[in-house]
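K.L.:
These are the residues of each chain, in order.
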Amino acid sequence: MHGKLLNGNRGIKLFSRHAAVPLLSLACFSLLLAACAQTSHLKQTDAPVSIPRNAKILLMTPDIQLFELTAGGMQEPKADWTAAAKQHVRSTLAKQLASRNDVIVPYEAPADRDAEHDHLQLVKLHETVGNTILVHKYVPALNLPTKRDKMDYSLGEGVRQLKARQAADCALFIFMRDSYASAGRVAVIAAAAVLGVAVSGGVQQGFASLVDLETGNIIWFNRLVRGYGDLRTPEPASEAVTQLLAGIPL
Amino acid sequence: MRRRCIIFLVFAYGIGLIACATAPVADIQPGAKPDLDTDEAGLWMYMDKAEADLKNSGRIVTDERLTNYIGDIICRLDSHQCEHMRFYIVETPDFNAAMAPNGFMQIWTGLLLRSQNEDQLAYVLGHEIGHYHRRHTLQQWRRTKNTTTGLAVFQLLTAGVGIGVAGDIAYIVGIAGLMAYSRDMEREADDIGFDLMLAAGYDPREAPKIWRNLMEEMEAAGDSMPSIFFASHPTTAERLRTLEEMAQAAVGDSPAAAPKKEPYLDMIAPFRGEWLHDELQKQDFAATQVVLNHLFAENKRPGELYFYQGELYRMRAETDDREKAVEAYQKALTQDGFPPETYRSLGLLYWKSARMDPARDAFENYLAARPDAHDAPMIEAYLKELENNEN
Chain A
1 MHGKLLNGNR GIKLFSRHAA VPLLSLACFS LLLAACAQTS HLKQTDAPVS IPRNAKILLM
61 TPDIQLFELT AGGMQEPKAD WTAAAKQHVR STLAKQLASR NDVIVPYEAP ADRDAEHDHL
121 QLVKLHETVG NTILVHKYVP ALNLPTKRDK MDYSLGEGVR QLKARQAADC ALFIFMRDSY
181 ASAGRVAVIA AAAVLGVAVS GGVQQGFASL VDLETGNIIW FNRLVRGYGD LRTPEPASEA
241 VTQLLAGIPL
Chain B
1001 MRRRCIIFLV FAYGIGLIAC ATAPVADIQP GAKPDLDTDE AGLWMYMDKA EADLKNSGRI
1061 VTDERLTNYI GDIICRLDSH QCEHMRFYIV ETPDFNAAMA PNGFMQIWTG LLLRSQNEDQ
1121 LAYVLGHEIG HYHRRHTLQQ WRRTKNTTTG LAVFQLLTAG VGIGVAGDIA YIVGIAGLMA
1181 YSRDMEREAD DIGFDLMLAA GYDPREAPKI WRNLMEEMEA AGDSMPSIFF ASHPTTAERL
1241 RTLEEMAQAA VGDSPAAAPK KEPYLDMIAP FRGEWLHDEL QKQDFAATQV VLNHLFAENK
1301 RPGELYFYQG ELYRMRAETD DREKAVEAYQ KALTQDGFPP ETYRSLGLLY WKSARMDPAR
1361 DAFENYLAAR PDAHDAPMIE AYLKELENNE N
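Quick note, the sequences are listed as chains A and B, same order. Just so we're aligned, residue 1 is where the first sequence starts under my numbering, counting upward by one. Just so we're aligned, residue 1001 is where the second sequence starts under my numbering, counting upward by one.
If you are wondering where the hints come from, they were derived from the structure by calculation, not from laboratory data. The beta carbon of each residue, even a glycine, is placed where N, CA and C say it ideally should be. Among the hints, a few may not be true.
[Said to hold, decoys possible] Cβ pair distances, simulated, as ranges:
hint	chain 1	residue 1	chain 2	residue 2	range
1	B	Asp1191	A	Gly156	51 to 61 Å
2	B	Arg1086	A	Lys150	39 to 49 Å
3	B	Arg1086	A	Gln121	17 to 27 Å
Please work from the sequences and hints to get the whole structure.
P.N.:
Here is the structure:
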């Protein structure tokens, strides 16, 4: 976002604040890579739930963004890649879950603005809780003493709003970010390698969670973090979704 | 000698970065959307998400009267494109407005508090519309990309031969190039904002005034003026001068109409107290004092202003500030528009000064005026303690 009128250190430069988001997630990524060895998915320990066959799963709008890594290391958002990735993720999900006779219901935003606002707050809450799980469950050094041997995160009973509107049993949330080196970046990586300097060439990261729409409990959670993969084309995208959904109790 | 050569090369490289050409960008066409495979579509996608987040941030002023009023100003400034723009009034106590490439504008409440009439606000909104017309975010993005590409290559070169300092210099020169570009875009947006306000019948002589007030605030706060090297925008003094000359050339001393002052001040009146409260949370008391002084000059509901003057002293808490605060609250109580919270603040200061009788009166007045106040139980506890002390 451009257009700050006032120079000086008291204002906030808006564009850089937004641009900081992918950078931040990159930092998280390196933190998580260090913890890559452990098993990935987590299951609710507080009140384990077994989901009936033919369950109705509300698929929340997947939050997916793809970027190109420029030679200088900037992440350029890519609309066409993102649109393709969303399409691939949706069709893979439909295929995988249909094989179990579960019914997938895509989330529909309500026309009522207040209801939509409440739903979006739930999406934001999920993002915050998801990030907390990523940091505190997957990075051993940051394990919280009160959560060490259990997985009892919940979004609370507010999720019943979602259940009421679309009559679903659980909701599946998906968050994915993927970046790819541009030709220029590849050249920089190669040159850097000659000089003995390591330069990042893009990452694939994401997390998914299954939420019980009665209690708000996160029944199952998984994350994907790796330096390869491709959401832009159908097969690798399908493979990434399969990885992400590994161990999902559906 | 070798070192001097390296430094020379570094500067040559830095200058090369600045000169790196970016193809000219045409103005945005009404309703046009970028093709999906373009960098511009990527920026729009990113900003669509930012817009959705902002919209649901809980910090948006949704008052219908105020939003209709501002929407009308935007459409008066730009009737061709206003249907393709959205705007959000964001509760943030700083002078700022910002335009995103996909057509959403943020208007901070600190700007609304500081604008003295519709004409001044119209100028700033026109400036933001200018960024949108000229697709400045896209231009800035391409420029930054070109420059950082150069920087990464350069950092590699210097990493290879081990000259860290040289890398820093190239970085500084490169950054200055970015900033210079941004300054040009700000000037361009200034010009567009000026033209739009003039065409919409506003008094262009109001445009420089908002900068003059801002300069006064910055000087009071002790902010040094930014050095030319790092200034990302034309200095306020330069903008002020340019706008004054432009206004003189455009209308001389006879503008089409007088500034729209009364309707503007009436429009923001219901929010003024809340926005002043937000300003005070920054604890930048010298700057807030300048804002208050300008509002005192308008002489609208001075009781509210004296209350916030008292709050400023109470929060600043320097020598004699307690006495000054009490004086300001007492003055507020004699004026139109003071909020019941004046009694509460006054009661607290009396309490601290061990003036128990006036403290009790003030607290009782507060509870009488605000029986449902969220802090009523607290004040009742104070009153009880006062009663116990008496017995």
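K.L.:
Output the numbers, in ascending order, of every earlier hint that fails for this structure.
P.N.:
Structure breaks no hint.
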